[in-house]
Amino acid sequence: MMSVKYFNNWIKEAGRGHITAIVSWISFAVYGSLTISRLSLDTEYTYFGIGSMELSRICACLGIVIAFSEFFYLLQQKKQDFYYSLPVKKSTIFWSRYFHGMLHFVISLSIVMIICSIYQSTIDEEFRLHAVGYSIKSILIFTAIFLMFYHIAAVSIVVCGKLYSAVLVTGILIFYFQLFINGICQAFIKSYFATYYKIPVIEKLNIVLVPLSLSGKFSGTDLFEKEKILTYLPNTFYGAAVFLWLAVPFLIFAWANRTRKTEATGKVFAVPGAERSIEFLISFSAALWAGGFLLEVTHINEKSRLLCGIIVAAVGAITAVGVHCLFEWIVENTKRKIFRRKPQLITEIVSAVIGGVLFLGYAPVYDNFFPAKETLKTIGVSVNGLDMGHSEFIQNTNEDGKFITDRRLKQYTFSSEGMEAAKDWIQDLKKSEDVGNYIVKTGSQDSYTFATVCYHMEGGKERYRTYSVSRRAFDAFSNVYNTAEYKSRAYPVSAIEDVNDLNNNGFTWSDGISQKALKLSDSEKATLITKYKEDIEELRMEDLKGQLPSGEIEIESQISGRTTRMIIYPFFGQTCTFLGQHGVKIDTGLSNYAVESIMVHNVLHSTAPGTSGGTIVQIYDEKEDIEKWDNRLVPQKFDVQTLISPLDYSIDAEAEVNEETTNSIIKIDCHAKLN
Amino acid sequence: MIKINELTKNFEDICAVNHVSITVPDGVMFGLLGTNGAGKSTLLRMLAGILEPDGGDIYIDNEEDHTHLTCKENFFYLPDSPYYFSNASIEEMARFYRNQYPQLDIEAVHYMSGALNLDILCPLRTFSKGMKRQAFLLLALSSNTKYLICDEVFDGLDPIITEVMKNLIRQEMKERELTVIVASHRLRDLQDICHNIAILHRGGILTAGELKGRATDIHKIQCVFEHVNLDYLKNLLDVMHCQRDGYFTTLIIRGGIEVIMKGIALADPVFSREVPLTLEETFMTVMEGTGYDVSKIL
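If you're matching them up, the sequences are chains A and B in order.
Each residue of the first sequence is one higher than the one before, starting from 1 at the first, in UniProt numbering.
Each residue of the second sequence is one higher than the one before, starting from 1 at the first, in UniProt numbering.
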């Protein structure tokens with residue numbers, strides 16, 4: 001029976017090369033020194049444990065490096081012969097090394113966490129309250145992250161017989177799902193699913209199946225508020241995912257190490273099951289990738305779905321065969337028979353073909369989805385370009401504008417009359433368009449803009465779709481816009497029920513050039529809000545056509561410091577009258593100010609082949625020139641309806657205005673009105 | 001005593017060791033002879049517990065599980081190119097082996113190192129091939145295990161170092177009942193030290209046991225004839241090998257010595273006498289008819 005002393009002796013033996021100790025202790029010494037330096041400068045946004053992306057990445061790297069250092073003997077036949085010829089169990093050598101690597105990491109991490117915690121406690125009173133809990137949680141969380149990568153690398157080494165294949169399998173385990181989801185599935189989804197915006201399940205899979213993303217999420221690196229970070233507890237779902245990433249590789253390498261044959265060292269794969277699995281994954285993914293790549297490059301799905309399906313299946317099958325044969329050649333099977341695994345080859349081909357066809361077959365179901373009445377809880381709608389300035393519109397039209405749509409989907413979420421109107425509008429939209437055959441977003445000439453919808457289902461599920469919106473459909477959106485629910489989201493002040501809540505808040509009038517604090521009593525503030533609400537109630541989307549705001553009132557909360565905007569249009573009769581009575585000049589513009597100069601950037605686009613665009617910059621400082629321009633220019637701040645009330649976006653101007661009350665020069669960015 | 005019974009090992013579709021059965025008595029030096037790829041190293045690695053056999057059994061002192069730790073403590077495996085830790089010296093390796101083989105005699109390591117002029121504190125990586133082999137042999141012998149398994153330990157060494165190493169082994173065998181199994185692809189490395197030799201060929205065993213004993217009815221006769229009639233002799237006796245060198249004719253003949261000498265007397269020799277067979281000649285005669293090319297191991 002193995003004694004503890006005997007096992008401890010082998011743990012000491014495992015440290016003979018000192019690589020693990022050197023790597024682990026030096027990494028944490030450097031990390032600790034740098035973190036303490038940063039903490040001495042800033043304790044508000046510097047986190048030594050939870051919330052630290054650097055530590056998360058260090059733990060991941062250490063997991064891989066230490067695993068390779070500890071289990072490298074499994075890839076060296078000479079060393080393995082030496083160890084296995086000694087009177088010691090193979091399992092003792094393996095597990096003593098496993099614990100040796102883990103101990104070095106845990107001890108060095110714990111020491112650094114304790115030192116940093118003590119240091120921050122001496123300079124940060126807020127942290128002191130959370131010091132113990134934060135430090136312990138950090139040690140546990142980052143040990144779990146380390147173990148994830150430690151186990152991934154360990155399983156790769158145990159199932160492989162060569163260094164390069166072990167490195168390759170480690171890379172596959174870490175990056176496979178990320179590449180599969182983002183590179184392969186997304187290519188099919190974007191090509192086939194015309195109404196695709198995002199699929200929450202895939203977004204979650206993209207985190208839980210990707211160890212690097214999961215480690216970031218699990219260690220709270222997506223949090224920014226200090227209070228949240230100090231009191232952070234990992235989400236159970238992500239905790240379970242981390243546990244699986246720990247446990248599954250652990251079970252595999254524990255089993256594989258028992259069954260692994262010594263003579264397998266030097267082969268590409270030491271465990272036949274691993275060889276088959278990797279062969280399948282690579283062939284299957286390569287086949288799907290080839291199909292997806294073909295779709296992205298040729299857009300054949302826009303011509304004929306049947307033809308597309310046949311071509312993608314054929315390309316997938318050919319690629320599967322090619323990659324399978326290449327793999328067989330690389331693994332150097334002794335018989336040199338490339339087609340030795342015919343059933344597996346057939347499985348790879350069939351899986352790849354089914355995978356490709358599944359996307360194609362599911363596309364109509366996906367695109368024609370519309371929730372049943374009883375299953376829909378709320379609905380979020382974001383129409384690109386509505387209640388939106390031009391720069392935001394351009395950003396949102398491009399791929400990188402998802403965060404704008406996500407924010408607007410939260411803002412414009414309806415549950416009552418707005419939801420009913422939105423449902424009707426979407427159904428009309430779906431009827432008028434052959435969903436699945438049109439090109440989303442602004443790719444189609446018929447498409448005016450696009451709308452993104454989030455169906456919040458009973459039970460908490462969310463389904464997102466993007467629909468192309470024609471000019472007629474955009475105008476028809478007024479049925480939604482004109483509902484009180486929509487207006488309460490677009491004009492938040494109109495949704496305030498108890499106007500007395502605003503009593504202590506500061507009201508500031510802005511005409512886009514200068515600001516003026518409004519001296520209003522509590523009752524006057526309440527009256528202003530009431531009148532504004534009445535104006536909003538009467539507002540129709542059609543009224544906005546060609547209209548620009550006269551100004552805006554900013555309401556600054558004395559409690560939270562947050563600012564709420566009240567956009568004032570000239571046709572807001574009651575509000576404008578009230579403001580006029582309280583000394584606010586509603587119809588002021590640049591022409592009412594002493595404009596010193598105007599710099600105009602005129603962006604010229606290429607209009608004919610062989611010509612190139614450019615920018616003409618002109619500076620006007622003569623009175624006559626300024627007078628020509630100041631009536632045309634509108635502060636960019638008031639470009640709030642780029643589709644309903646567009647401006648001339650080819651002209652970017654900067655006006656220098658002499659602000660007489662403060663005797664200062666202020667610069668105002670403007671666009672020109674359309675001629 | 002080591003008893004190997006029907007031992008088999010396959011590497012995928014290659015049969016490296018094919019139903020090999022050998023018995024190694026205690027206190028002898030047993031040679032495993034064979035060309036490269038014959039299966040010698042595989043057999044030794046299985047014996048040392050490095051590889052697991054696909055079939056057959058290995059009994060060490062009648063113990064069924066030869067990979068059991070108590071059983072393995074009786075073994076020291078010495079490969080052709082021994083592994084040592086980077087920058088490790090003889091002293092450091094001795095201390096490591098002491099943890100594995102508690103009976104290892106550190107003083108003996110010091111004594112033998114001194115006798116062989118090996119610096120005990122010098123890193124092994126600075127040693128020549130022969131010095132490394134000597135260093136590990138003295139570590140192996142100092143570990144006081146009952147069995148020593150050596151794989152090609154004399155390969156590539158100059159005759160002086162080979163002789164030194166053989167003497168070390170002989171001396172240790174004399175002092176205690178050490179059993180040595182040594183594999184080589186050259187008969188000359190083994191002929192003057194091994195009591196028993198087994199020949200491995202393509203994973204199978206061609207012959208094993210005490211060869212000289214098996215060659216009792218084979219005799220080597222040196223003769224001088226005035227007019228020799230070899231055909232007459234070949235018809236009369238079971239002549240296995242005949243070589244003429246000037247006046248001398250050397251014959252290897254199967255049969256009883258008296259019958260052979262009478263037969264030669266009928267050919268009217270000027271001179272005739274029996275001389276001892278070399279191990280090579282013994283091999284050649286024993287292996288005759290098996291189809292094995294003995295020249296490969298000479």
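Keep in mind the hints are simulated off the structure, nothing from the lab.
Check the hints yourself; a few may be wrong.
To be clear about the criterion: a stretch of chain A counts as covered by chain B if any three or more of its residues have a C-beta under 8 Å from a C-beta of chain B, and this derived list gives those stretches [said to hold, decoys possible]: (1) 84-97; (2) 253-266; (3) 309-315.
Since the model is a prediction, treat every value here as computed from it, not as a measurement.
Quick reminder that beta carbons are idealized off the backbone N, C-alpha and C, glycines included.
Here's how the hints hold up against the structure:
Counting residues of the segment 84-97 of chain A whose CB falls under 8 Å from any CB of chain B gives 6; the rule of at least 3 is met. As drawn, the segment 253-266 of chain A meets chain B at 3 residues by the rule of a beta-carbon pair under 8 Å; at three or more, the given contact holds. Counting residues of the segment 309-315 of chain A whose C-beta sits closer than 8 Å to any C-beta of chain B gives 0, which falls short of three, so the coverage hint is violated.
The earlier numbered hint that this structure contradicts is number 3, and it is the only one.
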